[in-house]
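So the protein lines, in turn, are chains A and B. For the first sequence, the residue numbers in my numbering are 1 to 211. For the second sequence, the residue numbers in my numbering are 1001 to 1238.
Don't take every hint at face value.
Unchecked claim - Every beta carbon over 10 Å from chain A, so not counted as near; a handful from chain B, in silico:
{"id": "1", "residue": "S1020"}
{"id": "2", "residue": "V1137"}
{"id": "3", "residue": "T1139"}
{"id": "4", "residue": "T1159"}
{"id": "5", "residue": "H1160"}
To be verified - Derived DEER-like restraints, expressed as beta-carbon distance ranges:
{"id": "6", "chain 1": "B", "residue 1": "R1038", "chain 2": "A", "residue 2": "Q205", "range": "17 to 27 Å"}
{"id": "7", "chain 1": "B", "residue 1": "H1160", "chain 2": "A", "residue 2": "E162", "range": "35 to 45 Å"}
{"id": "8", "chain 1": "A", "residue 1": "Q205", "chain 2": "B", "residue 2": "D1195", "range": "36 to 46 Å"}
{"id": "9", "chain 1": "B", "residue 1": "E1109", "chain 2": "A", "residue 2": "A206", "range": "21 to 31 Å"}
{"id": "10", "chain 1": "A", "residue 1": "L198", "chain 2": "B", "residue 2": "D1195", "range": "25 to 35 Å"}
No lab work stands behind these hints, which were simulated from the structure alone. Using N, Cα and C, we set each Cβ at its ideal position, and we do this for glycine too.
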Amino acid sequence: MDILGQDSLNLKRQTNSIQTQMTESESPDWATLLHRVAEKRDKAAYTRLFNYFAPRLKSFGLKLLKQEALALEMVQETMLNVWLKAHLFNPEKGAASTWIYTIARNVRYDILRKISSKKEDNIAEELWPVIVESDDQESEFTELENLLLQGQLDNFYRFVPELQLEVIQLVYLDEKSHQEVAELLEIPLGTVKSRIRLGLIKLQQAMEQTV
Amino acid sequence: MINFHPSDRLLENYASAELSSGLALAVATHLDYCPICRQHVEQIEAELAQAHLLDQDSMSELLLAQADNTAEPDSLAGMGNMLDQILQTDISVDEAEQTKAVTQHHLLEVNQQKYSLPRTLKSFYQPDVRWRKLSGVHTNKLGEYDDFRANLLYIEAETHVPKHTHKSLEITVVLAGSLCDEQGQYYPGDFIVLDNSMTHSPATQSEQACLCLTVMDAPVQFTEGAARLLNPFTQLMY
């Protein structure tokens, strides 16, 4: 039970030489192979990734899940995500192996959840957010979004440019989806997303300056 | 400003996939709010990826395991099929999923207030699950995972939750608004651990409701005989 203690006396951080480890051992350039999969659906590049990582993931899965069938399910689910979501890998955020590891870890939690959930819960196939998103920054705004929704930011609207404020009000107060806003204003979806993002940053700055 | 964090051991166990999925849900939700813990976990993940996926040791262990496991000679052949299957998976499957995500309703509504959930919880919340209300406290069940039950808890402004003890363990992560108890005042992202040695009486202040995630040992479910009659009592909110 002591893992739940909140004091930080028991920390044994091993921060030694992570940086060097990360650079020296990615010898076949996994990041480049992932990039080729994302850009060109390069099957040869993917096959190299698969041949290297799949057996290692299976060995890791066996340690965690103890059963061959579950370990194979973990490998399949993880490697399928690598094939379909390679475009979400962001090399600036970390090594390719770390990205793949994180997917496997989340798949493992998803498998555990599926095993333990009661059938009558009628759950969706896959609930755990398996993919580590690279371009989607939405979680950093959750707190701000909630203040906005509770009407606690009305005083700061004047700091937000009109076009951005319009989109923010449509999304948060009128509850339109990004797609609906794009159609309504006849602007691209990407513009909707960037206006929201810029507007939220403005709101956050305005709020921080008054605190 | 987040003042209450998971212990380092808990973060390590989360990163190494050793937590029960219920506890992992609470930790992942805290990470959505807390850049400090996120950075720590990323560091641990890089080390673990190194150990499990890159080091030569992990491969020699694997070869040993396979040598021992002669009863399954076709396990690598099975992986070959897997590779073919994956390569045949159409990318449009993924695009369909993305469109679904875009059209999905993105807000939660309770007591006429609207909230945006952190990334981790967005996919767990099912809008068709009914909120249950008991004197100012609304609950919405997310699910039961490995003996832990996860609920969303919405506490109306100026509400005192009656003093209670937990059967064994309850973790609360504040999602929006603010909450206080004998130990302090909690804000979004704060990670609060309570066990059966502590009693507490959380409360909200005026004009400030609180939305949180709670993960606790699931109450016993009786499935047979006369004991089923006890179920309504084991399903009370705490």
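Is 25 to 35 Å respected by the C-beta to C-beta distance linking L198/A and D1195/B? 45 Å, violated
10 Å Cβ clearance of T1159/B from chain A: 16 Å, holds
10 Å cut-off, C-beta based - H1160/B kept clear of every residue in chain A: At roughly 21 Å from the nearest Cβ of chain A, H1160/B sits farther out than 10 Å, so the non-interface label holds.
At the C-beta level, are E1109/B and A206/A separated by a distance inside 21 to 31 Å? 27 Å, holds
Could you say whether the range 35 to 45 Å given as a hint is met by the Cβ separation of H1160/B and E162/A? Taking Cβ atoms as reference, H1160/B and E162/A lie about 44 Å apart, which means the hint holds.
Given the hint of 17 to 27 Å, check if R1038/B and Q205/A actually sit that far apart at their C-beta atoms. Holds: the Cβ-Cβ distance is about 22 Å, inside 17 to 27 Å.
Cβ-Cβ distance between Q205/A and D1195/B: within 36 to 46 Å? Roughly 41 Å apart at Cβ, these two residues keep to the hinted range, so it holds.
Say whether it holds or is violated: V1137/B keeps its Cβ farther than 10 Å from all Cβ of chain A. At about 18 Å from chain A, V1137/B clears the 10 Å cut-off, so the statement holds.
Beyond 10 Å from every chain A Cβ - status for T1139/B: At about 16 Å from chain A, T1139/B clears the 10 Å cut-off, so the statement holds.
Confirm or reject: S1020/B is not an interface residue toward chain A, with every Cβ-Cβ distance exceeding 10 Å. The claim is violated: S1020/B sits with its nearest Cβ about 7 Å from chain A, within 10 Å.
Hint compliance for this structure: hints 1, 10 are broken, all remaining hints hold.
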